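Engineer: From first to last, the protein sequence lines are chains D and G.
Its first residue numbered 1, the first sequence is counted upward by one per residue in this note's numbering.
Its first residue numbered 1001, the second sequence is counted upward by one per residue in this note's numbering.
If you're looking for bench data, these hints aren't it; they were derived computationally from the structure.
Hints may contain errors.
[What the hints assert, rightly or not] On the chain D side, residues computed to face chain G include the following (Cβ under 8 Å):
id, residue
1, 40
2, 47
3, 160
Note that the structure is predicted; figures quoted are calculated from it, not measured.
Cβ coordinates follow ideal geometry from the N, Cα and C atoms, glycine included.
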Amino acid sequence: MSARPSRQPGSDARDEPLQVERAKAGDREAFSQLVRMHQAVVRVYLSAHVRAAETADDLAQEVFLRAFKRLDAFQLPETGSMRPWLMGIARNLLLEHMRAPARLEARGGADLEAVIDNRQLEQAPAARDPAEIERRMEALQSCVDKLPPASSSLVSQHYFERRTLASLAAEEHKQESALRMRLLRIREALRVCIERALEGGAV
Amino acid sequence: MTDEELQRMLDALGRSRATERQFVQRVEDLVMAEVTAERFVSAVQKKIDAAAPRRRGRAWLLAAPLALAAAALIVVAMHALRSGAPEGPAPVATVVAGTLQESARRLEVGQEAPRDAVLTSEDGRACLRLRDASHLCLEQGSRVRVAAEGRVQLEAGKVAAVVTHQKPGQTFTIQTAVAEVVAIGTAFSVELTEEGASAIARVVQGTVLVVPPGRARGQGTEVRAHQALAASIGRRWRMSSEEEREEWSLVRAQAVPVVTALQTAEAPPPEPGGVDGGAQEGEVAALLRLADALRARGRLRDAQGICDGLAQRYPDHPEIERIAAELRRPPPAQPWNATPAVYRINAGGGRYVDPRGNVWSADAHYTGGHSGEFLEEIDGTDMDPLYQSERFVFPGETLTYNLPVPDGAYVVRLHFAEIWAGTVKRNMRQFDVVVEGVKVLAGYDIAGEVGSMTATVKQVVTTVRDGSLDIQFRHVLENPKVSAIEVLALTPDAPPPPAPAPPTVFPPLPLPSTDALYRVNTGGREYVDPQGRRWEADNYFNDTGLGAAQYVDIAGTDLDPLYQTERRAYVLPSRGPLVYSFPVPPGRYLVRLHFAELNPAAGAGSNVFDVLVEKTEAFRRLDVFAEVGALRALAKEVETTVSDGVLDLSFRPIAGRPRISAIEVLPLAVGAPGAAGCAVGGAGSASPALALALALAVIAALVRSGSRRRRPGGPAERPASR
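Could you put together the complete structure from these sequences and hints?
Structural biologist: And the structure:
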């Protein structure tokens, strides 16, 4: 019996339709792969609307758990991605979460976080819809990449590698306040870049 | 876009990258808990109707992930076994179904496994084809090593083999630390009990030899088709039909034609003890579950045999003694065999007194036919001798029973079991039965209806006008037969007695579950702690709350994984508080709750909650951080009494979110010890039938109310423990 060429474990990890099919068949590793694929955008979307990181992550977990429970009913759309579906679940969860406050207040303010979150949402200029969050994320990524090396490195180390300004300042023998100013300016540049990208302009 | 929004986005993006692994892990834990929650109904089923609930069902029927055995003792058994295969890392097997893990690699269908590689089946059942065309299938959570052609080491779990006919002098062996199973062209499986203390060999076709390590082949125990053997206690039993079905499904999974062959000798007694505590309990629990499964089918002798073997291996073991007392209890009286009868005839056999004290006469009042017998245990009855003997008749002859009775109406019960090797399946034996001139059974196929070695009873009503109740058995296919006949008088105003409903069902045994009824790693997966105690994956909670995890060291404990995962009440008022509900028999319990504050940045006052046990406040305003600080274990205990069959724990938030890392439920009442030995017999008491009926009613209610909800159903009442 001729042996089939052996498949590298990672090669079809990026093949979302394949992973979806496997996950629907009960392959939990495939489901975890899907979680990896989409966790960032779901978490970022929820974080945009909910102040506490812990709450955002709790909600994000719930999104995937609901997705898991509903896998049977899920049909992969033409685009071949489950992201829109996941974002739909995330948005519904956010709405549920926001309905909390009235009863919470009656119970004596048990969960201040939820109350604050809700007020935050009410005050936000425009609740962003999931697709827009995704576009902003992509724009942000490409704008960060296009920053000059020193700035891109600072953004990367502080936001992505989670290094404190204090430790970064110590390394560069600078004042923390100086780094803070730099970051403020970098963020200004990023915002301009992002808005331009969203309008369809060149980055 | 404001600067604040951008900062939040950058922050979220950074966090999602930095903590991707943990996040995915937490979702996996949640998914795991969700999957185990789907088995909640069957878990409740098993717990509600026993004095001391069982926590897991039959290992081979549940697809529950087996914890990989901690003990990977590979004892090298020196045998006169030629390997006959070349050394070197040459591939020795090919994956033909499922996937296997080999260290960090995943082996898919078509890929080859190298010799001596340790292969695990974490994702589900997986099968390998060996170079000699033999097949091996691993049940989920099993671990094997294919050492050479014809030699496989089973380290944990269960493997089924379909072995091609070996050349003369060659054998196929599955080695475990506790026994070797040698085959010469058969289909069989070997399963290690939890912790690997006992190997169980089950043979579907052919014969295997089970040899203790270090012994010569001649000292092995033969296990034939349809039989199973628990190596550590040296006991054999005939597999129940469920066991056989499961084994056949493994054979079919291999999709290979089975080649048969056979023979050999008798068995040495097992050696007692020398097994560590955790492994011992795993073995005792697994074998008692088997005994219970057999007893439930009326296979009392086989159940007794296993119990005896265990009692010999572990003398003075209180759990074994308790089960022995239970086995001594007579089975519940069936309403249909308590009535007095005009005739009770043991067709083909001698006088017999059944466990209810009914006397069955030796075969009489017949014309024609021959008697036959087969002395194997019969499923679905405790009146085995009735079914082990039969009267049958050759072609060209007729078999008739003429029973003198006063004229009147009668109930006739005909007892059957298919005990002959030549007619074990459907469409091998069919016959007609005529009672008082009326054909009451046409083309009746016993094996087609209930399978072989299983009791069944057919009941009809008839009227006699000539002083003789006549029953005739006529050929259709093969020879007609009958195992026993009962005739009961029908009084004019009384309704006929209920028709018998085989198979006889025996209530389950009160199996041991070590000291705790429940150990649950709330918010996390199944975990075996350093003392060998098994903590279940999160379960028994209502649909409020999320698992959370922080994989850091926890001070004050060596059970870190318990505390690293927790269930947090997700405070959505529409959902109500977080509640855990454990089905337990009424009694007194100790509840031990484990907590840890996983967020070092939380201060006193961030997470404060009340804990209620059985609707009574057990802990008011519990603030884990205030008590012990962050990342440190805290355990709190409270005693409670349960009278409604469900132990409820609820968590009422005051500030932040209630959270719980692990829960233990320990019974405080101790069962009464029974006398030593496992012999069945003696007078009975209580009413297990009532308990069973109630349990079934509760189970039915639970199933109706929808198995997805994790809340258990109504209360389960059980007569007081003996």
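Engineer: Does each hint fit the structure? Answer for all of them.
Structural biologist: Results of checking the hints against the structure:
1. 40: holds, 4 Å
2. 47: holds, 3 Å
3. 160: holds, 4 Å
Violated hints are absent here; each numbered hint is respected by the structure.
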